[in-house]
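Work out the full structure, taking the sequences as your base and the hints as a guide.
Quick mapping for you: the protein sequence lines, in order, are chains S and H.
Going by the working numbering, the first residue of the first sequence is number 1, and it counts up by one from there.
Going by the working numbering, the first residue of the second sequence is number 1, and it counts up by one from there.
Taking beta-carbon pairs under 10 Å as the criterion, some of the chain S residues facing chain H (in silico):
id, residue
1, Arg-131
2, Ala-167
3, Ile-171
4, Cys-180
5, Phe-186
6, Gly-204
Straight-line Cα separation of at most 20 Å, SDA-like style, residue types lysine to any residue; simulated pairs:
id, chain 1, residue 1, chain 2, residue 2
7, S, Lys-155, H, Pro-207
8, S, Lys-58, H, Gln-33
9, S, Lys-58, H, Gly-34
Treat the hints as calculated values from the structure; they're not laboratory data.
All values derive from a computational prediction rather than experimental measurement.
Think of the CB as a built atom: it goes at the ideal place given N, C-alpha and C, for glycine as much as any other residue.
2 protein chains.
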Amino acid sequence: MNARRKFRREGEERRRQDLIEATLDSVAEYGLQGATLRTIALRAGVTAGLIRHYFPGKEELLQEAYTALVGRMTEQAKAALAMDGASPRQRLAAFVTANLNAPIVDARVFSLWATFLGRASADPTLARAHREGYLGFRNEVEAVVAEVLAAEQRKPDASQLRHHAIAINAIIDGLWIEGCLAGEMFSPGELAAIGINAVEAELGLAPLDQFQEK
Amino acid sequence: MNARRKFRREGEERRRQDLIEATLDSVAEYGLQGATLRTIALRAGVTAGLIRHYFPGKEELLQEAYTALVGRMTEQAKAALAMDGASPRQRLAAFVTANLNAPIVDARVFSLWATFLGRASADPTLARAHREGYLGFRNEVEAVVAEVLAAEQRKPDASQLRHHAIAINAIIDGLWIEGCLAGEMFSPGELAAIGINAVEAELGLAPLDQFQEK
DNA sequence: GGGCTACTTATACACTTGCACAACAAGGCC
DNA sequence: GGCCTTGTTGTGCAAGTGTATAAGTAGCCC
Numbered sequence: 001m002n003a004r005r006k007f008r009r010e011g012e013e014r015r016r017q018d019l020i021e022a023t024l025d026s027v028a029e030y031g032l033q034g035a036t037l038r039t040i041a042l043r044a045g046v047t048a049g050l051i052r053h054y055f056p057g058k059e060e061l062l063q064e065a066y067t068a069l070v071g072r073m074t075e076q077a078k079a080a081l082a083m084d085g086a087s088p089r090q091r092l093a094a095f096v097t098a099n100l101n102a103p104i105v106d107a108r109v110f111s112l113w114a115t116f117l118g119r120a121s122a123d124p125t126l127a128r129a130h131r132e133g134y135l136g137f138r139n140e141v142e143a144v145v146a147e148v149l150a151a152e153q154r155k156p157d158a159s160q161l162r163h164h165a166i167a168i169n170a171i172i173d174g175l176w177i178e179g180c181l182a183g184e185m186f187s188p189g190e191l192a193a194i195g196i197n198a199v200e201a202e203l204g205l206a207p208l209d210q211f212q213e214k
Numbered sequence: 001m002n003a004r005r006k007f008r009r010e011g012e013e014r015r016r017q018d019l020i021e022a023t024l025d026s027v028a029e030y031g032l033q034g035a036t037l038r039t040i041a042l043r044a045g046v047t048a049g050l051i052r053h054y055f056p057g058k059e060e061l062l063q064e065a066y067t068a069l070v071g072r073m074t075e076q077a078k079a080a081l082a083m084d085g086a087s088p089r090q091r092l093a094a095f096v097t098a099n100l101n102a103p104i105v106d107a108r109v110f111s112l113w114a115t116f117l118g119r120a121s122a123d124p125t126l127a128r129a130h131r132e133g134y135l136g137f138r139n140e141v142e143a144v145v146a147e148v149l150a151a152e153q154r155k156p157d158a159s160q161l162r163h164h165a166i167a168i169n170a171i172i173d174g175l176w177i178e179g180c181l182a183g184e185m186f187s188p189g190e191l192a193a194i195g196i197n198a199v200e201a202e203l204g205l206a207p208l209d210q211f212q213e214k
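As structure tokens, then:
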């Protein structure tokens, strides 16, 4: 009796990845409060002591988990821009659509985003991780906007470009939140349609055809 | 020695209010983790045991604190709409401006908002408090939008009105977040200007005069 | 001023937490 | 096959948690 538990040795990278994933799961489900070392370890299928073998402490584990989350989010978002052969306007629309549907619109991701961001004002490391992700995202937006306007023969100055990027970023963020928190209040594709309309209105693009008032 | 601490008896309402305020302060500064009964009590100038005299448990205290926060936020926001004598368009602009400046744009408030919202997916009570505040806010937006469009002789149907309200709500929320998280990146009034432009573009209002591209 | 009430303090307790560390065994190497 | 490294487990511990409850006292009423 009292047999020692069997275990397998995993590669370093694999274990770290599993622990980070278990951490994100735990935080999403139980919050920072409930994401204890024991909870995380249980979810990862190991015992709590092992965590200290891979991370100096709980704080570092949480920071790495957040960095991984931010990286994954912005990566997915930017991937939508990589459709070559399409017109700038089409790419912008695809970008908006991608950001306003699953898997980016997701209650679990939102829960993580909010939980970590709530600590950003007190934790410079988290704040920096967020800031970098945000600026990267906004720069992508600004680049597409420049292409779209160039295709329309318009030459906005840097300030106007920046304002457009800020506004479009806000539109996407705001709709993303609404979708995450109350997804069932919107029909499929509705958020993306609202987003595309709002973004094109912001840029002063003439509506393509249908869906105009009056 | 070992003298018992001196204390004053405060009225019930006053104590509850103080405790809720101390709770919000503690959550904003230390997060849900660090907001322990002892921390909260210390901030409120009482001892931890007293909290149980006013609240059944920590959970109820947190819920009441969040409800108070949401109530205060939406109240401030809606107050900006109560300027009679102004045109609908002016009121809408004032509404946007109020929501994109202090005291609504504030790092502490954002931290609280994010922290609590991160738990909303797991805590139905928090989720409901948020949902009610959000819908109230959006209904206000929808009402002003209806007035603005009516003044322009336009008759949008219910679906279009709803879409406008959702989009405008998103614009305000998104810019609010940007301002809270990176206020120093924007010059005073810049966010509000961006917000007004975006909102008016969404509604298809002709620009008043300056600030047009080209 | 004396007494009552209930607001407030202080102490106790069972439990959880992050972390430290010794014991152990999985899997590669010879 | 035996050994050795080190990934992994299990136990222990001090600090801190929310809650329960006894003890004390501030302030009002008479």
